[in-house]
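Colleague: Below are the chains, spelled out letter by letter.
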Amino acid sequence: DAGITQSPRYKITETGRQVTLMCHQTWSHSYMFWYRQDLGHGLRLIYYSAAADITDKGEVPDGYVVSRSKTENFPLTLESATRSQTSVYFCASSEEGYEQYFGPGTRLTVT
Amino acid sequence: RKEVEQDPGPFNVPEGATVAFNCTYSNSASQSFFWYRQDCRKEPKLLMSVYSSGNEDGRFTAQLNRASQYISLLIRDSKLSDSATYLCVVNMYFGNEKLTFGTGTRLTIIP
Chain A
1 DAGITQSPRY
11 KITETGRQVT
21 LMCHQTWSHS
31 YMFWYRQDLG
41 HGLRLIYYSA
51 AADITDKGEV
61 PDGYVVSRSK
71 TENFPLTLES
81 ATRSQTSVYF
91 CASSEEGYEQ
101 YFGPGTRLTV
111 T
Chain B
1 RKEVEQDPGP
11 FNVPEGATVA
21 FNCTYSNSAS
31 QSFFWYRQDC
41 RKEPKLLMSV
51 YSSGNEDGRF
61 TAQLNRASQY
71 ISLLIRDSKL
81 SDSATYLCVV
91 NMYFGNEKLT
101 FGTGTRLTII
111 P
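So the sequences go chain by chain: A and B. Per my numbering, residue 1 is the first one in the first sequence, and the count goes up by one each step. Per my numbering, residue 1 is the first one in the second sequence, and the count goes up by one each step.
Just so you know, the hints here were simulated from the structure itself, not pulled from any lab data. A portion of the hints provided could be inaccurate.
What the hints assert, rightly or not - Keeping only pairs whose Cα atoms sit at most 30 Å apart, straight-line, the calculated DSSO-like set for lysine-lysine is: (1) B:Lys45 <-> B:Lys2; (2) B:Lys42 <-> A:Lys11; (3) B:Lys45 <-> B:Lys79; (4) B:Lys45 <-> B:Lys98; (5) A:Lys57 <-> A:Lys11; (6) B:Lys98 <-> A:Lys11; (7) A:Lys57 <-> B:Lys42; (8) B:Lys45 <-> A:Lys70; (9) B:Lys98 <-> A:Lys57; (10) A:Lys70 <-> B:Lys98; (11) B:Lys79 <-> B:Lys42; (12) B:Lys42 <-> A:Lys70; (13) A:Lys57 <-> B:Lys45; (14) B:Lys79 <-> A:Lys11; (15) B:Lys42 <-> B:Lys2; (16) B:Lys98 <-> B:Lys2; (17) B:Lys98 <-> B:Lys42; (18) A:Lys57 <-> A:Lys70; (19) A:Lys57 <-> B:Lys79; (20) A:Lys70 <-> A:Lys11.
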C-alpha cells in the first residue's frame, strides 16, 4: 500500500539544467496537484490536474511544465532551473470533494 | 492582504494546557475549510475538516464563523505529540478542488 510517492527525495542541480520531479499515486484519484513550500509563503499551487490529459495552472506556474498521460503519474519539469526554484516540492492527490493526500516531498536545491 | 492569514507563532505552551489558533480568509464565498498538521520536514496531513456547526474530534475542536470570515482550532489537554505546525486551509471556489493554504502556526508543547 504505497499511496503517493515522490522521487527523487533530494536533488541538487545547476542553474539552467532541466529537472523532472516524479509523482505516483496508487489510489486512482482523479485530481493531482503540485505545490512548492517556501518560508514565509506556505504552500503554493504550481499546477493541478483533474484527470488524465487535463491540466491547469495554479498560483505560480512560470518556469514549470506538467503532463498527465496516465492517471497515476503527474511529473513536474523545470525546463531551465533557476535559484529561485530552490524549494520543497509536494505532490498531492484527491478525489473530488475529499481531502488531499500529500507525498513525502522532494527537496530541490538549484546552485 | 493574504487570502488566508494565520498568526505564525511560535506558540510555546506547557503540556496539559489549552491552546487556540485563529485564521481569517478573504473570500466570503469560500466553500470548505480544513486544518492540516505538518511535522517538521514532513508532508501536511489532514487534522480535521471544519463544518458550519462546529465539530469536535477528541481533544480538538474546530469552529467556523462565516460572518467574520474566520475559523479556529482549539486543542485541549495538549500533549507533547501535538508539537507541529498547523495549517489553515480553505477551498475558496465552488466546483474547484484547489486549496489555499495559510503559512501555518507553529506550536511547541513544553514538558
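Colleague: Going straight from one Cα to the other, do Lys57 (chain A) and Lys70 (chain A) come out at no more than 30 Å?
Modeller: holds, 18 Å
Colleague: Compare the distance between the alpha carbons of Lys98 (chain B) and Lys42 (chain B) with 30 Å, and conclude whether the hinted pair is satisfied.
Modeller: With Cα atoms ~21 Å apart, Lys98 (chain B) and Lys42 (chain B) stay inside 30 Å; holds.
Colleague: With a cut-off of 30 Å on the C-alpha distance, tell me whether Lys79 (chain B) and Lys42 (chain B) pass.
Modeller: Roughly 19 Å between the alpha carbons, so the hint for Lys79 (chain B) and Lys42 (chain B) holds.
Colleague: Does the structure keep Lys98 (chain B) and Lys57 (chain A) at a Cα separation of 30 Å or less?
Modeller: Since the Cα atoms of Lys98 (chain B) and Lys57 (chain A) sit roughly 11 Å apart, the hinted pair holds (cutoff 30 Å).
Colleague: With a cut-off of 30 Å on the C-alpha distance, tell me whether Lys42 (chain B) and Lys2 (chain B) pass.
Modeller: Holds, at roughly 24 Å.
Colleague: Does the structure keep Lys57 (chain A) and Lys42 (chain B) at a Cα separation of 30 Å or less?
Modeller: Between Lys57 (chain A) and Lys42 (chain B) the Cα gap is close to 25 Å, so the pair holds against 30 Å.
Colleague: Would the hint linking Lys98 (chain B) and Lys11 (chain A) be met if the CA-CA limit is 30 Å?
Modeller: Cα-Cα ~27 Å, so holds.
Colleague: Given the proposed pairing of Lys45 (chain B) with Lys98 (chain B), does the C-alpha separation stay at or below 30 Å?
Modeller: holds, 16 Å
Colleague: For the pair supplied as a hint, Lys70 (chain A) and Lys11 (chain A), confirm whether the alpha-carbon distance does not exceed 30 Å.
Modeller: holds, 24 Å
Colleague: Does Lys70 (chain A) sit within 30 Å of Lys42 (chain B), going by the straight-line distance between their CA atoms?
Modeller: It holds: about 27 Å lies between the C-alpha atoms, which stays within 30 Å.
Colleague: Between the alpha carbons of Lys70 (chain A) and Lys98 (chain B), is the straight-line distance 30 Å or under?
Modeller: holds, 20 Å
Colleague: For the pair supplied as a hint, Lys57 (chain A) and Lys79 (chain B), is the alpha-carbon distance within the 30 Å limit?
Modeller: With Cα atoms ~40 Å apart, Lys57 (chain A) and Lys79 (chain B) exceed 30 Å; violated.
When each numbered hint is compared with the structure, violations occur for hints 14 and 19.
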